[in-house]
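K.L.:
Here's the letter readout for the chains.
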Amino acid sequence: MSLLDEIRQTNYLNWHHHIHQVGAPILQVKSVCVEFDAGAALEDVSFELITGERLAVVGPNGAGKSTLFKVIAGVLTPTHGQVHIYGHEPGGHICIAYVPQRNQVDWSFPVNVADVVMMGRIGKLGLFRQPRAGDWDIVRESLEVVGLDDLEKRQVGELSGGQQQRMFIARALAQEAELMLMDEPLAGLDIQSQEDILQILEQLHQREVTMLVALHDLKIARERFDRVMFLNQRLLGLGTPREVFQPDILLRTYGGHMHLIDSDQGIIAYDDACCDEGGDS
Amino acid sequence: MLEVILDPLQYPFMVRGIIAAVIVGSVCAVVGTYVVLRGMAFFGDALAHAILPGIAIGYLVSGGTRQSLFWWAAVTSVISAVAIDTIRRSTKIKQDTAIGIIFAGMFALGVALISTVRSYTVDLAHFLFGDVLGVSNSDLLLSAIFAVLIFLTIIAFYKEFLVLSFDPLLATTLRLPARLLDLLLVILIALAIVVSLQTVGVALMVAMLVTPAATAYLFTRRLLVMMGGAAIIAAISGVLGLYLSFYFGIASGAAIVLTCTIIFLLAWIYQTLQQRRRKLV
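Top line first, the protein sequences correspond to chains Z and Y. Heads up: the first sequence begins at 695 in this note's numbering, then just goes up one per residue. Heads up: the second sequence begins at 44 in this note's numbering, then just goes up one per residue.
Derived by calculation from the structure, the hints in this document are not laboratory data. All values derive from a computational prediction rather than experimental measurement. It is possible that some hints are incorrect.
Said to hold, decoys possible - Simulated DEER-style distance windows between Cβ atoms:
no., chain 1, residue 1, chain 2, residue 2, range
1, Y, Leu-267, Z, Asp-843, 20 to 28 Å
2, Y, Leu-261, Z, Pro-941, 52 to 60 Å
3, Z, Glu-852, Y, Ser-133, 53 to 61 Å
4, Y, Asp-139, Z, Asp-731, 17 to 25 Å
5, Y, Leu-103, Z, Arg-848, 51 to 59 Å
6, Z, Cys-727, Y, Trp-114, 46 to 54 Å
7, Z, His-778, Y, Leu-316, 57 to 65 Å
8, Y, Arg-265, Z, Gln-893, 28 to 36 Å
9, Y, Trp-114, Z, Asp-800, 34 to 42 Å
10, Y, Trp-311, Z, Arg-936, 54 to 62 Å
11, Y, Val-191, Z, Arg-848, 31 to 39 Å
12, Y, Met-44, Z, Glu-852, 38 to 46 Å
13, Y, Val-191, Z, Thr-773, 44 to 52 Å
Beta carbons are placed, not taken as given, at the ideal position from N, Cα and C, and that holds for glycine.
Kindly produce the complete structure, drawing on both the sequences and the hints.
P.N.:
This is how it looks when you write it as structure tokens:
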């Protein structure tokens, strides 16, 4: 039985409901502002996501990508504005998975890969319940999806960067998340590992998982995603790659750090302020 | 040879001392795995010192029956823990500074109170360095009951504490009651300290929390194994330490802590040599 069928069975009513509302927004962000002591991180950001959509979020370091994700995940309460997941506040849902940046975790922690993926099941298990055979089956299938099934007994610090990122995606799968927020999943990875992750995102897309992915690489955003959001505290552009890869939007997002080259293949842009490994808020 | 082992056991105070050292050592070691993994060593040290005014009040009020000291100490440690947390949350003061303020303030209050009693030096030394050989049967019973309670709580919340320690953001997105669980963990640490007060005393307490857990951490890849290993190391240190104390007339608390430290050093040297050998091969 595939993971998809598992999810259908265990979450049957919900799933059914979602499938028959094709085109309904899974996520609505309404004029969200976030202010920290140091100043505004997000100003008046509004957008909607429909079920199964892939949205890339791009912008320079400190543009508020992580802040936006944390607001959507319900980890951070916005100063103004609201977030609705299927019409509800984020607090009522565990169908959102936040896939963290790799540098947010202590990799020498004594847990193995299967332990970490099982953490995704905890919300469904509830207090005082131990994981059962069915939960371990889901963990194993999630690991198969990301190609880590033969590494489940490894301590997490022994994995490569790409494997660590895939483990987090497996955890989001085990959580049966319908909306995945991925914060710089490609940061610090070599080309091959990046390609592996992109392949997995393709599989998730076929499972109708809705994805919001923060990226540094504009080329990947343009080629692999349904829509692209340009963010620098404000939402500066949101649409299909064709719609938003415009010189003025790029310049407004990246300011002086952006260099544009007009070529036969369209605009090539590169950002010279890029890419220390995550760490932006 | 056998006599060396059996001789001390003729004395009931030694038997009681050994039982107390094993119980207390394993409780502190298991709770201590969280202290080590979450980097709370300074917090644990501070909490142990902050208990002193509670002991002093108990001493002044009831003339020093162990039971009343125990309850006063428990209340004081929980108040200190909550005070530290409240300062950190409600001001811009960082956690370690808040710990420093409360730790020193409470300790000074304790010394001040005890100094009002005439035989101040003798009693203060007892509280500071412990007196495991003065443990009574009712003390043992109380320690055992609390040890069982602490173990049961950790078993009940094992998976929640695991998520909270490894990835607090996941805990929030899974809608775990993160603040309550944090508070519960702090209370567990406080109770473990209070239970062990008589064994090693306030000044050396942090060693019981940190050293066996750190030793186990060097060799383990899973939390449960780390807890078990830490408990065994602590129990062995307790027994060995008391024998050292018996034959060489060393203060019991210091002997136990020194044994823990030596075991850690040996483990560390062993691991370093092993890694070097692996590199050579």
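K.L.:
Need the list of violated hint numbers for this structure, in ascending order.
P.N.:
3
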